[in-house]
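Novice: Sequence:
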Amino acid sequence: MSDLPRKAVTRTAKLAALPLGFAGRATWGLGKRIGGKPAEIVARELQQRTAEQLFKVLGELKGGAMKLGQALSVFESALPEEVAGPYRAALTKLQEAAPPMPTRTVHEVLEERLGEDWRALFLEFEDKPAAAASIGQVHRAVWRDGRQVAVKVQYPGAGEALLSDLAQLSRFARLLGPLVPGMDIKPLINEMRDRVAEELDYELEARAQRKHATEFAEDPDVVIPDVVHQSDQVLVTEWIEGTPLSEVIATGTPDQRDRAGQLLARFLFSGPARTGLLHADPHPGNFRLLPGEADGELRLGVLDFGTVDRLPGGLPETIGTCLRMALEGEAETVYQLLREEEFVKESITLDPDEVLDYLLPIIEPAQAESFAFTRDWLRTQAARIADPRSPAHQLGKRLNLPPSYLLIHRVTLSTIGVLCQLDATVDLHAELSTWLPGFTPDGRD
Numbered sequence: 001m002s003d004l005p006r007k008a009v010t011r012t013a014k015l016a017a018l019p020l021g022f023a024g025r026a027t028w029g030l031g032k033r034i035g036g037k038p039a040e041i042v043a044r045e046l047q048q049r050t051a052e053q054l055f056k057v058l059g060e061l062k063g064g065a066m067k068l069g070q071a072l073s074v075f076e077s078a079l080p081e082e083v084a085g086p087y088r089a090a091l092t093k094l095q096e097a098a099p100p101m102p103t104r105t106v107h108e109v110l111e112e113r114l115g116e117d118w119r120a121l122f123l124e125f126e127d128k129p130a131a132a133a134s135i136g137q138v139h140r141a142v143w144r145d146g147r148q149v150a151v152k153v154q155y156p157g158a159g160e161a162l163l164s165d166l167a168q169l170s171r172f173a174r175l176l177g178p179l180v181p182g183m184d185i186k187p188l189i190n191e192m193r194d195r196v197a198e199e200l201d202y203e204l205e206a207r208a209q210r211k212h213a214t215e216f217a218e219d220p221d222v223v224i225p226d227v228v229h230q231s232d233q234v235l236v237t238e239w240i241e242g243t244p245l246s247e248v249i250a251t252g253t254p255d256q257r258d259r260a261g262q263l264l265a266r267f268l269f270s271g272p273a274r275t276g277l278l279h280a281d282p283h284p285g286n287f288r289l290l291p292g293e294a295d296g297e298l299r300l301g302v303l304d305f306g307t308v309d310r311l312p313g314g315l316p317e318t319i320g321t322c323l324r325m326a327l328e329g330e331a332e333t334v335y336q337l338l339r340e341e342e343f344v345k346e347s348i349t350l351d352p353d354e355v356l357d358y359l360l361p362i363i364e365p366a367q368a369e370s371f372a373f374t375r376d377w378l379r380t381q382a383a384r385i386a387d388p389r390s391p392a393h394q395l396g397k398r399l400n401l402p403p404s405y406l407l408i409h410r411v412t413l414s415t416i417g418v419l420c421q422l423d424a425t426v427d428l429h430a431e432l433s434t435w436l437p438g439f440t441p442d443g444r445d
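So the sequence shown is numbered by our numbering: it starts at 1 and just counts up by one.
Hint data in this document are derived by calculation from the structure and do not stem from the laboratory.
Treat the hints loosely; a few may be bogus.
[Said to hold, decoys possible] Calculated pairs, DSS-like style, for lysine-lysine (alpha carbon to alpha carbon, straight line, at most 30 angstroms):
id: 1; residue 1: K345; residue 2: K397
id: 2; residue 1: K186; residue 2: K345
id: 3; residue 1: K186; residue 2: K397
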């Protein structure tokens, strides 16, 4: 019924071939060097061939393979430029598109989930997908009341594929480590596996999107398309026009970049405070830059609420308090807060001043009224933490990430990655002061 490779043996074989492919290209590169080709040229060709194979496979398989690729795509800014160059094009393709499933399969899903007369629900329906992603693809249509809508159709067998991919990918997660310096890939894969059921549940997604759409209905800066209809494997939402953030990253003006960065930070930090939910999939494919009303400034359109973190009280106040104390140089207070939240386990003893030195470069964007997020800055931070010889690396290995903070941590890192891809100058301090409990002494400005 579907072009999504569902048999475990098929998908496993494709994924299992990746490490062998890496090894084969390493041998190829050695031969080139022995043959007299300059090492730096060989290294560049090797990176490009590796990127092409890795992300071609991840994109074709969709499912968990593509989802991991999308998650990694926001971190390409952390790579040295000579390495990032070959990866960038392949990575950004995963933020917007994947090979679509056949029209016949789409129609079968719609008939099964919406009924034999599903076409009566639409005045128009475009068979060619407008976008195709990890577990579903989107078709543009006109709802029976005349509204322009996006129809998200889940791939048959998506759940089985997600679990199969993530189990296989976790087996060679170590080989993916160089893609994201300083980041352990395996916990990321494990966290994705734990959330598979939520990702596939369009009722949960519809509920989260409706809540955001209601809360942001009158917001001048953020646009959330409302849910029109929902069933098991089909989700119909209002259509929004706009420039994908991946295009802004590639060709946007400085003003567009700065505006997109400011609004992205505003949405992601304000969302938990306003809705009790954190949008937990901030890769550029899920955001659009829209014209403002009348002569107003550009607005941010937000898509895909399939992965959210439920935070009924908003972001934990400890984050804001710890951040504020770190910026004020209160090493002992920060250390005690980290111990209370189990970032430092009882069996571990660390020097509070060394912990503060470790944190300050990471959180310096929160101090300035205007901070330029750049690839160079992120590379510096990644290199500082990734270098096994550095004190920061050794200290980082002794810190712990409590499960309740796992998704918050990933969203924060992903957001920083996107801001650096945008090369945006952002007043992060203003957003934190407004929306992050504990960041100002009374919790809010």
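Novice: Taking the hints in turn, state whether each one holds.
Specialist: For each hint, the structure was consulted:
| no. | hint | result |
| --- | --- | --- |
| 1 | K345 / K397 | holds (12 angstroms) |
| 2 | K186 / K345 | holds (21 angstroms) |
| 3 | K186 / K397 | holds (15 angstroms) |
The structure fails none of the hints (numbered hints given earlier).
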